[in-house]
Structures are given as structure tokens and as C-alpha cells.
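When you get a sec, could you build the whole thing from the sequences and use the hints?
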Amino acid sequence: MTACAITPDKNFIQILETLSEKLEQPFFITYTPYTFKCILIFTAAYFLGIGIYESQKRNYRRGVEHGSAKWGNVSEICRHYCEKQYTNNLLLTQHFRMGLDGYKHKRNLNVLVVGGSGAGKSRTYAIPNIMQCNCSMVITDPKAELLRKTGGVLERNGYEVRVFDLINPETSWCYNPFAYVRDDKDVLKLINNLIRNTTPKGAQSSDPFWEKSETALLQALMLYLLHEAPPEEQNFPMIMEMLGSAQVKEDDEDYQSPLDILFERLEMRDPESIAVKQYAIYKQAAGKTAKSILISVGVRLAAFNLKQIANLTCTDELDLYSIGEKKVALFCCIPDADTSMNYLVGMIYSNLFQTLYYVADRKYGGR
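If you read the sequence shown in the numbering used here, its first letter stands for residue 1, the second for the next number, and so on.
Certain hints may be false.
To be verified - BS3-like mimics (lysine-lysine), calculated; alpha carbons at most 30 Å apart, straight line: (1) LYS104 - LYS70; (2) LYS212 - LYS249; (3) LYS106 - LYS327.
As the list claims (entries may be wrong) - Here are the computed distance ranges between Cβ atoms for each label pair: (4) ARG156 - SER292: 54 to 62 Å; (5) ASP183 - LYS70: 51 to 59 Å; (6) GLY287 - ASN342: 31 to 39 Å; (7) CYS78 - ASN157: 20 to 28 Å; (8) LEU306 - SER136: 29 to 37 Å; (9) PHE96 - CYS174: 37 to 45 Å; (10) LYS326 - ARG148: 22 to 30 Å; (11) VAL114 - ARG61: 35 to 43 Å; (12) THR87 - ARG61: 35 to 43 Å; (13) ASP336 - ASN157: 21 to 29 Å; (14) LYS326 - ASN197: 22 to 30 Å; (15) GLN256 - VAL153: 54 to 62 Å.
Rather than coming from a laboratory, the hints here were simulated on the basis of the structure.
For every residue, glycine included, the Cβ atom is placed at its ideal position computed from N, Cα and C.
Here it is as C-alpha cells:
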């Protein structure tokens, strides 16, 4: 129709007048030399219009080309991370909290609180979060301060409160690392746990021979208890009794101690026993070297000869497997003036992490 209105001798006004006349008979269309050009022009204009329309549908942020950073608002940020139910949150400040489900907000809940003595770490962070009563808890508690202030609240909210007390061992719940040994591989984990926690901080050995020799002997003793002893004898006090029966005479290579005879009888019953194989590695040492290894192991485990510590570790009442399965609060109370027994708490934490990983992998698909 537009092509029919176009002729070389007409100006723009005349073309518009002719086009108005043609619109009165819209179906009377004739082909002219300008028809094909008009079709191309209008087709191109149509697609150009579609392109412009689609480009305008993008999510442009007008006016912030040079950045949109601004001071945050606590309540606005809190809405992104907190749970609606107040008790299902980790309290970070008076007005800011984060939900415990990290899968929702994609942030971890690791918190490092740094402050000197009397700065308010317990009063402003630890105690408020303990009193949320929203998860199982394991708390290192110097001087048992947190236990005294929150233990009653936790019990009233349905928690089972367990106390590993190095301040008053006579009233403490018992902890036996052997209770968390499930197979031979876990024996090596337990020994590494023991050595790591009984080695003084910053100590460096120029010769790893002694540590590896201690490991071989401890493996033999622990594997023997794991496979041959009843559950009530699988503990460190029994390890100390076995070490006490081990004797080495430097001038008599053929001498057999009661411990040697014990493993010899086991070898007769079960030549393929892993305990026998590990003991054979230890016995390859010469008399003087073997005595040094025995002394090293004895010194490392000397605390288990103390009656209080022997009673504390002869059985297990902490049941680390149940932490996370029900409402449990475990307080590890340590004296602030004596660190000699603190390695037991270190062993509890190592056992706890391994146990929780084990339960999560086999019961909850790794979560």
C-alpha cells in the first residue's frame, strides 16, 4: 500500500495524502517498482523493533554504574541469615544472629572470639549461646564456671549433662578411648591421638625412630587387648600392667619376660595375628634399644599409673556416639593452674570428631 503511494514526482506531503486515499480501499493492492523495497524496509524495521524490545527486558541497575556499596543495616542483613524461631540461631551480637542450618544461608558457623581476661567472652557470647538450648554441646570449661552457671538451665530444658572433671576426678564421668576403637585401623588413630596429645607443644624430635618404635609396641599391646581381652580389660590401666610385665636384660638376649611369653602363646594359637606381627617388629630391637623404647612408652603413659586417672579411664560413660543424636551437654572441666592432665581432654576432642564423622557418613549421608 505504501509502495503504491510512492512516485518520483511526489513530495512527502503528497505521498501521505495518496496513502490516506489508499487506506480507504486497503485490499486494492497493485505491484509497483517500489513494492519489493518497501517490503524489505518494513521487515527490517519489524525485526529491529523486536530486538530493541528484547534488549530492554534485561535487569539493568540504572544509576549504579560506579558501584552500589553502602553502609549495611543490621536488621536488613539479619533477615537474610536468621531463622524465624529465635532459639534456632547462633547469637553473635544483641541484634544480629545466624540460623544453625548452614545449608540455607551458605555460610559456616565457625566463630573465633578473642579477648583478654575479664573482657566478657563467657558473659556476652558463651553463656547466651549455651542458654539457647538448641543443639548438643561440648564445652571446655576452665574452673567449671560455665557448668555452675548453665548446668541447671540445661537440665531443666531436657539436656543430659555429662561432666568430665579433671578438677575433681572422683566425681567425674569416666572416659575410655578404647570404647571408640571399632577395628584395627582405629587402633592406629588412637595411638596417633595419644602421641599427638602427650607430646609437648613445640617439641621437635630429630630422630623419628623412637616415636615409630613406641607406635609399634603400643600397636601390639592395643591390638592384643582388642582381639584377645574381654571389653572390661580394654583400657589404659591394663596397658600399663602389660608394660609392667615387659622386661629386657641387655646381657641375656634369650631372656623371655612374661609379656614375651604372652605373645609367644598367641603366636602358637594364631600365627597371622596382627598383634604378633607388630610385637615382632618391636622385638627386632637390640636389648639396650628395646629397654629405651619401653622406658619411652612408660614415661609417656605414666599418668595412667595414678589411681585417680586409672579409675577415670577404666570404663566409658561419655558415650560420644550419642552426641548429636539427642540433647547432650558435655562439660570438660580443667584446672586453670595445672595442665598436666589436659591431654585427656585433647584426646576426647579427637575421638569426638572421628566419631561424629563416622556417624554422619554412615547414618546421615555425610551431613
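Against the structure, the hints:
no., hint, in the structure
1, LYS104 - LYS70, "holds (25 Å)"
2, LYS212 - LYS249, "holds (22 Å)"
3, LYS106 - LYS327, "holds (25 Å)"
4, ARG156 - SER292: 54 to 62 Å, "holds (55 Å)"
5, ASP183 - LYS70: 51 to 59 Å, "holds (57 Å)"
6, GLY287 - ASN342: 31 to 39 Å, "holds (36 Å)"
7, CYS78 - ASN157: 20 to 28 Å, "holds (25 Å)"
8, LEU306 - SER136: 29 to 37 Å, "holds (31 Å)"
9, PHE96 - CYS174: 37 to 45 Å, "holds (40 Å)"
10, LYS326 - ARG148: 22 to 30 Å, "holds (23 Å)"
11, VAL114 - ARG61: 35 to 43 Å, "holds (38 Å)"
12, THR87 - ARG61: 35 to 43 Å, "holds (38 Å)"
13, ASP336 - ASN157: 21 to 29 Å, "holds (28 Å)"
14, LYS326 - ASN197: 22 to 30 Å, "holds (28 Å)"
15, GLN256 - VAL153: 54 to 62 Å, "holds (59 Å)"
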